[in-house]
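Here is what each chain is made of, one letter per residue.
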Amino acid sequence: MKGKTNWRSQQRNAWLAGLMPSIILLVVITLLPAMALVITSLTPLSLTNPQETFNFSDPLINYRQLLEDPRFLNSIITQIKLSLVSVLFQVIIGLGLALLLNGTSAWLHTARTLFLIPMVLPPIIVALIWKIIYTPDISPLHQVLELWGITLNSLIANPATALWAIAVADIWQWFPFTMLMVLAALQMIPRDPLEAASLDGASARNIFRYIVLPYIKPVLVVCALFRLIDSFKAFPLIYILTDGGPGTVTEVTNYYGFIQAFNFSYWGYGSAIAVVILVGVFVLSYIIGKAGWSDERKASA
Amino acid sequence: MSEKLALEHVSGNVRRRKHFRLRGSREVATWLLLLAVLSPFLWMVLMAFRPAIEVFDLTLWFTPTLDAFRALWQGNFLHSFGNSLLVSTLSTGLSLVIGVPAAWVLTRWQFPGRRYVALWILVTRMAPPIAFTIPFYLAWRWLGLQDTVIGLAIVYLTFTLAIVIWLMQTFFAAVPPALEEAAWLDGCSIWRTFWTITLPLVAPGLAATAILCFIFSWNDFFYALILTRTQAVTAPVAIVNFLQYEGWEWSKIAASGTLVMLPVVAFTLLVRRYLVHGLTAGGLKD
Chain A
1 MKGKTNWRSQ
11 QRNAWLAGLM
21 PSIILLVVIT
31 LLPAMALVIT
41 SLTPLSLTNP
51 QETFNFSDPL
61 INYRQLLEDP
71 RFLNSIITQI
81 KLSLVSVLFQ
91 VIIGLGLALL
101 LNGTSAWLHT
111 ARTLFLIPMV
121 LPPIIVALIW
131 KIIYTPDISP
141 LHQVLELWGI
151 TLNSLIANPA
161 TALWAIAVAD
171 IWQWFPFTML
181 MVLAALQMIP
191 RDPLEAASLD
201 GASARNIFRY
211 IVLPYIKPVL
221 VVCALFRLID
231 SFKAFPLIYI
241 LTDGGPGTVT
251 EVTNYYGFIQ
261 AFNFSYWGYG
271 SAIAVVILVG
281 VFVLSYIIGK
291 AGWSDERKAS
301 A
Chain B
1 MSEKLALEHV
11 SGNVRRRKHF
21 RLRGSREVAT
31 WLLLLAVLSP
41 FLWMVLMAFR
51 PAIEVFDLTL
61 WFTPTLDAFR
71 ALWQGNFLHS
81 FGNSLLVSTL
91 STGLSLVIGV
101 PAAWVLTRWQ
111 FPGRRYVALW
121 ILVTRMAPPI
131 AFTIPFYLAW
141 RWLGLQDTVI
151 GLAIVYLTFT
161 LAIVIWLMQT
171 FFAAVPPALE
181 EAAWLDGCSI
191 WRTFWTITLP
201 LVAPGLAATA
211 ILCFIFSWND
221 FFYALILTRT
231 QAVTAPVAIV
241 NFLQYEGWEW
251 SKIAASGTLV
261 MLPVVAFTLL
271 VRRYLVHGLT
281 AGGLKD
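Residue numbers (our numbering), protein chains in the order written: chain A, 1 to 301; chain B, 1 to 286.
Keep in mind the hints are simulated off the structure, nothing from the lab.
Being a predicted model, the structure only gives us computed values, none of them experimental.
Among these hints, one or two may not hold up.
One-sided and incomplete, this derived list gives chain B residues near chain A with beta-carbon spacing under 10 angstroms [to be verified]:
#1 Pro51
#2 Ile53
#3 Ile98
#4 Phe132
#5 Leu138
#6 Leu143
#7 Gln146
#8 Phe221
#9 Arg229
Restraint-style ranges between C-beta atoms, simulated for each label pair [unchecked claim]:
#10 B:Ser25 / A:Leu152: 31 to 41 angstroms
#11 A:Asn6 / B:Ala203: 16 to 26 angstroms
#12 A:Met35 / B:Pro263: 31 to 41 angstroms
#13 B:Ile197 / A:Tyr63: 25 to 35 angstroms
#14 A:Ile92 / B:Val45: 40 to 50 angstroms
#15 A:Pro50 / B:Trp61: 58 to 68 angstroms
#16 B:Ala174 / A:Arg205: 35 to 45 angstroms
#17 A:Ala106 / B:Pro64: 23 to 33 angstroms
#18 A:Ala202 / B:Pro64: 32 to 42 angstroms
All C-beta atoms in this analysis are idealised placements derived from N, C-alpha and C, irrespective of residue type, glycine included.
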């Protein structure tokens, strides 16, 4: 009996020894910075006022300013427009391709793998690829259109099209994500109901609508939420293609935060913007958790 | 009865023929779509091999040349390429050494706070980089870690550690605990069991995790842009510098892009199966 408790406490210590380095490191590199961010957001710290690090005389000044900053409010609207459009098309295109590519033959497997390329490219390369497409001098797109007698002005220099040009590049980059997830879900659909339905003469459309779609709906929802959260981080595309312009047409919230913090060196104000984005991300993550997609829930189910 | 059978036979025949035709057109449609989708990407690769004077031409007929790559070889690009390699290797190595044991403990030991640790890791995966960049930027200025490879590698741990802990948990869960318990009963210590029994069993998973960590570090642009200046510049930042300061040398730019993406594309297609886990931080079953 004594030996057993001894073994238990030894085991416990061994577990702790393995776990603690990670926990400590995670606290230092994620929890501390997160706290520092919130604290900085309560001060007017900037490059020109380094002495303001611990000036908490008016802690909410940055947040009050945000509410009255038209450029910030505008950036949220831009963000919502960009996110909704790109996520919508990513889900639709990803779903369509997944249905097209679902199967077991070898060529389908190859095609599936090749379709993943846009997603696995370094984001900066994706931005570079679309910079080439959108720069009239060297763009194959512009040149082909010119052959047909259509002169297209630069899409990224035109305020009416710049945001949608970025959305196209973003959709191109991330549709494979939805495709991959939906394919995984499609392969988990049990065969029986599909076979029964097709034996009973159900049309392909009805099979999709009443059998396939209900099965993959949770995956679609989770995909959309994941993409929505990630779309808040869109940076390289905007940095390379438009730099937030023309004017502030493509300036999303994340980009505005970057400009405030690192172009203007208003660190306090930039932190406040980052905190706002963080809160948005938390809320959406919470929704994902509620949608029943955390590992915990799966384990207990 | 026999009538019905005959009918079924006929309709089966029809379906099979229709199916065959469908498959033919499906194959064609797939490859055409693939070509269309990948054409922007292929165009950049072609551009890298184009002679500099023909870079503005639409034609696909040109004599490929390695001039652009040669120019990169002579320039400063290799330095940033080396930095990218170093920083990615360093952060991958560190996160494996620290994260793998933790992942094993989290799979095997059901302690009360386990849920919160898992949740916190998921949250760090979701958090936007800008939230971490401002504090790190200020701290690194103060600590003198700005523009150093080690400083950047530490920042990359914010996401590589999360990847390791999430991914390795799924691999460890697949190892039967009975194997480990048997070793414990024979008097093997916990960490020796881990080293000699568990770890060899998850070797393929470990390789996949390492590759994913490497790729995520390699692909990063935002942190490198802000936390480096000249010494520790990584390849993605070097490409952007080309774009901004040598914007007319398109074949050189395309060549640098091709060099940076090649290892990534090759590796990721290798670990395709684990990509879903890596991207959703284990939030979704493959």
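These are the hints, each one checked on the structure:
no.	hint	result
1	Pro51	14 angstroms, violated
2	Ile53	13 angstroms, violated
3	Ile98	5 angstroms, holds
4	Phe132	5 angstroms, holds
5	Leu138	6 angstroms, holds
6	Leu143	12 angstroms, violated
7	Gln146	13 angstroms, violated
8	Phe221	5 angstroms, holds
9	Arg229	12 angstroms, violated
10	B:Ser25 / A:Leu152: 31 to 41 angstroms	32 angstroms, holds
11	A:Asn6 / B:Ala203: 16 to 26 angstroms	33 angstroms, violated
12	A:Met35 / B:Pro263: 31 to 41 angstroms	37 angstroms, holds
13	B:Ile197 / A:Tyr63: 25 to 35 angstroms	54 angstroms, violated
14	A:Ile92 / B:Val45: 40 to 50 angstroms	28 angstroms, violated
15	A:Pro50 / B:Trp61: 58 to 68 angstroms	60 angstroms, holds
16	B:Ala174 / A:Arg205: 35 to 45 angstroms	39 angstroms, holds
17	A:Ala106 / B:Pro64: 23 to 33 angstroms	30 angstroms, holds
18	A:Ala202 / B:Pro64: 32 to 42 angstroms	53 angstroms, violated
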